[in-house]
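2 protein chains.
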Amino acid sequence: MRTAYIEQMGAFNDTLGDICGRSGVAMAKATNALLQADLAIAEDVITGHDEIRTLSKRAEEEAFTLLALQAPVAGDLRVVVSGFQIIADVDRMGALALHVAKVARRRHPHKALPEEVNGYFAEMGRLAVELAQSAREVLRTQDMHQAAELEEQDDAMDDLHRHLFTVLMDRDWKHGVAAAIDVTLLGRYYERFADHAVEIGRRVVFQTTGMINGA
Amino acid sequence: MRTAYIEQMGAFNDTLGDICGRSGVAMAKATNALLQADLAIAEDVITGHDEIRTLSKRAEEEAFTLLALQAPVAGDLRVVVSGFQIIADVDRMGALALHVAKVARRRHPHKALPEEVNGYFAEMGRLAVELAQSAREVLRTQDMHQAAELEEQDDAMDDLHRHLFTVLMDRDWKHGVAAAIDVTLLGRYYERFADHAVEIGRRVVFQTTGMINGA
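Keeping their order, the protein sequence lines are chains A and B.
Under numbering that gives the first Met the number 0, the first sequence has 185 at position 186, and the numbering climbs by one with no breaks.
Under numbering that gives the first Met the number 0, the second sequence has 140 at position 141, and the numbering climbs by one with no breaks.
Among the clues, some could well be false.
Just so you know, same-sequence chains aren't split out, so a pair can sit in one copy or run between any two.
Derived SDA-like pairs: lysine to any residue, alpha-carbon spacing no greater than 25 Å straight-line [as the list claims (entries may be wrong)]:
| no. | residue 1 | residue 2 |
| --- | --- | --- |
| 1 | Lys110 | Glu42 |
| 2 | Lys101 | Arg170 |
| 3 | Lys110 | Gln152 |
| 4 | Lys110 | Arg161 |
| 5 | Lys110 | His162 |
None of these hints come from the bench; they were simulated from the model.
For reference, chain A alone in the conformation it holds in the complex:
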């Protein structure tokens, strides 16, 4: 029973890591689509989103099976329950990558971003992908120190996000309200994406602490 549980739990965590990794890849592509006004890449992210949703549903089923057949207690129970919450996080990360791709598609053949904020989004995109990769690693290793590092990576994202607003609010902003709205919403998508990655780290810490206290 215990061996079966450990195997199933490992498979479940692999699925979560897989979705997390895919959300990161989707965000990397969406950022490219945005910066290059590349419709084909944007479409690729949009159609690929179904796969992330399918995997999320499969992960939920795996978690239900774990609960129903293994009836885990204490720390193990916390791990599975956190798993449901992590599914919601990675699923939402995928949705936010989708939002970015949709903005790129909506503005094509034009670029959604004025030249002067390209650098911000290139960097926020890089950080988002890095955060998704770190979250994936944390899911695999269950390493609490790595989980804490996610918060630092997120600080860098928050800084960029704040600076972005100072660029927007500058009286030299010459790109009008429509571009400002796009930039505002896009900034928010990246920032929320990062928040969910950090949340995954927190949940892994909770899982691990739960296991130490409960097992």
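Dock chain B against chain A, hints included.
Using the frame of chain A, we list chain B on its own:
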């Protein structure tokens, strides 16, 4: 055992409904703070948010207790697991009301909103509160028809949100980029608040369907 489970489950659903109701009240107050540039009300929402967070944590503990002590199976298990996801929704609704209150506080003593979009936000606020109340009702009654009505209420929110953008993009917009950014983010907060209320309805349908299929 079964009686204890039903009692505890009832208490758990009451807690969820309570948090949902409080998030609705918080959004009602935050909307007032925003429309009237009322700092005292904004502060009230901001300090009151801790209570919502405390209740969310208590609800999670109740759900863990249910899982650990009652070891529910099939439909009952789905109800408890959905419960964890509903906690995340109501908790997020509270956070979004908090965001609105913070914008009102940041702009005080000025109004964050230009006069011409006041009507939109008064109406989005009203809808948000209505959606929170409906979600609370659905949690109490577990009525699938009421749950479906949430989607219709949300359609009205989406319409308002879309119209709001046409006002912003209009070349007659005279309030500059800073106000446009506030309006864009605020619009998104109300729209996401509504989405979470609808999500609660969907989860209750899943709970109910799960019970029919699984019990």
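Outcome of the hint check:
1. Lys110 / Glu42: within (15 Å within a copy, 41 Å between copies)
2. Lys101 / Arg170: between (29 Å within a copy, 24 Å between copies)
3. Lys110 / Gln152: Cα proximity of Lys110 and Gln152: none, with 28 Å in one copy and 35 Å across.
4. Lys110 / Arg161: both (22 Å within a copy, 22 Å between copies)
5. Lys110 / His162: both (21 Å within a copy, 24 Å between copies)
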